[in-house]
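The listed protein sequences derive, respectively, from chains B and Y. Taking the numbering used here, the leading residue of the first sequence gets 1, the next gets one more, and so forth. Taking the numbering used here, the leading residue of the second sequence gets 1, the next gets one more, and so forth.
Everything labelled a hint here was simulated from the structure, so no lab data went into it. Keep in mind that the hints are not guaranteed to be accurate.
When the alpha-carbon atoms are kept at most 25 Å apart in a straight line, the in silico SDA-like pairs for lysine to any residue are as follows [to be verified]:
id, chain 1, residue 1, chain 2, residue 2
1, B, K352, B, K368
2, Y, K94, B, V155
3, Y, K26, B, D154
4, B, K273, Y, M16
5, B, K352, Y, F90
6, Y, K26, B, G153
7, B, K101, B, A445
8, B, K36, B, F46
9, B, K36, Y, R99
10, Y, K94, B, P227
11, B, K101, B, V27
Some residues of chain Y that are not near chain B, with every Cβ distance over 10 Å (derived) [claimed, not checked]:
id, residue
12, I2
13, A9
14, G18
15, L24
Only some residues are given here: those of chain Y computed to face chain B with a beta carbon under 10 Å [as the list claims (entries may be wrong)]:
id, residue
16, L53
17, R57
18, V84
Every residue gets a Cβ at the ideal spot worked out from N, C-alpha and C, and that includes glycine.
Chain by chain, the residues:
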Amino acid sequence: MIFGIKDVIAVLPEITVAGAASCLLLVDFLIPRERKSAVGVLAIIFVIFAAIFSIFLMGTDVMGTTVFAGMFAVDGFSTFFKYVVYAAAVLSIMLSFHYVKEEGINAGEYYILMLFSLSGMMVMASAKDLLTVYVGLELMSLPVYVLVGFMQGDVRSNEGAMKYVILGAFSSAILLYGISLIYGLTGSTGLHAVAAVLSSGSVNQGALNVAVIMMVAGFAFKIAGVPFHMWAPDAYEGAPTPITAFMSVGPKAAAFAVILRVFMEGLGPAYGKWQIMLAAVAVASLAYGNLTAIAQRNIKRMLAYSSIGHAGYALLGLVAGTSEGVSSVMYYMAVYALMNLGVFAVIIMMRKGGQRGTEIDEYAGLAKSHKGLALVMLIFLFALAGVPPTAGFVAKFYVFMALIHKGMVGLALFAVLMSAVAAYFYIRIVMLMYMREPVKEFELAHSRGIYYVLAIATAGTVILGVYPGFLIELAQKASLFP
Amino acid sequence: MIPVAWPIALGAILFMIGVAGVLLRKNIIVMLMSIELMLNSVNLNLVAFSYHLGDLRGQIFAIFTITVAAAEVSVALGILIALVRNRRVFNADKMDTMRG
Numbered sequence: 001m002i003f004g005i006k007d008v009i010a011v012l013p014e015i016t017v018a019g020a021a022s023c024l025l026l027v028d029f030l031i032p033r034e035r036k037s038a039v040g041v042l043a044i045i046f047v048i049f050a051a052i053f054s055i056f057l058m059g060t061d062v063m064g065t066t067v068f069a070g071m072f073a074v075d076g077f078s079t080f081f082k083y084v085v086y087a088a089a090v091l092s093i094m095l096s097f098h099y100v101k102e103e104g105i106n107a108g109e110y111y112i113l114m115l116f117s118l119s120g121m122m123v124m125a126s127a128k129d130l131l132t133v134y135v136g137l138e139l140m141s142l143p144v145y146v147l148v149g150f151m152q153g154d155v156r157s158n159e160g161a162m163k164y165v166i167l168g169a170f171s172s173a174i175l176l177y178g179i180s181l182i183y184g185l186t187g188s189t190g191l192h193a194v195a196a197v198l199s200s201g202s203v204n205q206g207a208l209n210v211a212v213i214m215m216v217a218g219f220a221f222k223i224a225g226v227p228f229h230m231w232a233p234d235a236y237e238g239a240p241t242p243i244t245a246f247m248s249v250g251p252k253a254a255a256f257a258v259i260l261r262v263f264m265e266g267l268g269p270a271y272g273k274w275q276i277m278l279a280a281v282a283v284a285s286l287a288y289g290n291l292t293a294i295a296q297r298n299i300k301r302m303l304a305y306s307s308i309g310h311a312g313y314a315l316l317g318l319v320a321g322t323s324e325g326v327s328s329v330m331y332y333m334a335v336y337a338l339m340n341l342g343v344f345a346v347i348i349m350m351r352k353g354g355q356r357g358t359e360i361d362e363y364a365g366l367a368k369s370h371k372g373l374a375l376v377m378l379i380f381l382f383a384l385a386g387v388p389p390t391a392g393f394v395a396k397f398y399v400f401m402a403l404i405h406k407g408m409v410g411l412a413l414f415a416v417l418m419s420a421v422a423a424y425f426y427i428r429i430v431m432l433m434y435m436r437e438p439v440k441e442f443e444l445a446h447s448r449g450i451y452y453v454l455a456i457a458t459a460g461t462v463i464l465g466v467y468p469g470f471l472i473e474l475a476q477k478a479s480l481f482p
Numbered sequence: 001m002i003p004v005a006w007p008i009a010l011g012a013i014l015f016m017i018g019v020a021g022v023l024l025r026k027n028i029i030v031m032l033m034s035i036e037l038m039l040n041s042v043n044l045n046l047v048a049f050s051y052h053l054g055d056l057r058g059q060i061f062a063i064f065t066i067t068v069a070a071a072e073v074s075v076a077l078g079i080l081i082a083l084v085r086n087r088r089v090f091n092a093d094k095m096d097t098m099r100g
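Starting from the given sequences, assemble the full structure and let the hints guide the process.
Here it is in structure tokens:
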């Protein structure tokens, strides 16, 4: 099979990011150690170029087609998720400039690995074939394993990375076994061909059950859904904080893009089989994530459990299995990216000198001396808890509506109940900030990058909460129609 | 001509051994070996199906899997070296710096 210029044009954004990462590896040698943030600035510029190419592609006739023999889709759905991961990468790089100096991990590879991971996420968003799904998934995961362990002198960083890489590889192997069974059953790895064979109903149902279980387990690992969440708290706590922010947003959004496409398009005819399994994972994640978060003293660990809970909410949109459910997941991922990056921006700002800023108690009395920062943190925490008029409320509401329209009122009620539990541990931090007296003077890291991220995340969280219409409309237009 | 069920059964057995190894053994190196076993059982599946179906896709997939598995294991060993430099543990149960 010969590929033409059309195929190359369709992957220009991916080529830009992967090519930039490769070139920056060379440029990195020319930049002295104390000025490594220049690599980060270049990385941001290249991601913006890729975003421009993505806009450009929307106007061409490549849009809405598949290239590379049906393996790679260029459509509204992939473009939507690409924008979420662009935002995650750019904002996380901006958060890193100060932090890497503070921790003494000032190396160019840090930013380059983020770019490689980003290119993997972009491939995942466009993957239309199980082979592309797998390669994209690994291209995304491998750099993140390294980034989690980037603080080489810190045992917690090493341990978090070790657990993450072992469980990540384990989950990939489980996923691959499911993929190999699907291939054996249907004779193809292309999602459309798989769906066509499955809907003809001539496949061995027992083997299909095993394959679906394996794929649900493999994907649930990637989004940290219970009971496949064991790596998340340790990896989140051990990783450098900007990487925690990055991996809680980027890989999660990309993994949801793949899950939506694989289950809705490829395994769509087997909806009855995977719906109940995903519902079980979602319910377990909601209950375990939100209840365990209450007991945490470390804020990064608490946010790890909170992200397990949020994965549960987003999965519910997929459980609904309708076009509305899919667009609710897309909206949820975009909003979650903004509000979570915002919270992490505040945590990174608290990391200065001897002040680690990772214990929840350290936030006591923040509002007394730093009113603005405490207010911003309050907005993000309210958004995560789902309090109106923030975007977090609209995102949850939209998922619940999708469930209710499908007639799954019990699930929706359970999710509402769990968001009441979640409100407790988010608002406890607000209480600490506003009601307690500060123990000591706060030292804050002042960096332009962090201010930009705070401004963008606050504006996004508030504006998308008050005027959610246009993003919801975008998500609906880009939604998959099974 | 070997029926396709035989290599698939062998693949399933190897996969089970791999899963048991990851879940039951404590030594990181043994866990990595078990993961390799799981990946190779997948390769066996893919190649067997590919032969059975007369379709090349499975064999191509297997080559991708082998390549990625090599990259994955090198990353894992690199991280293990960094860990062992700070703390001489090979036992997964002793990695308990973080709790909660």
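Numbered hints the structure breaks, given as an ascending list:
Hints 5, 9 and 14 contradicted; others consistent.
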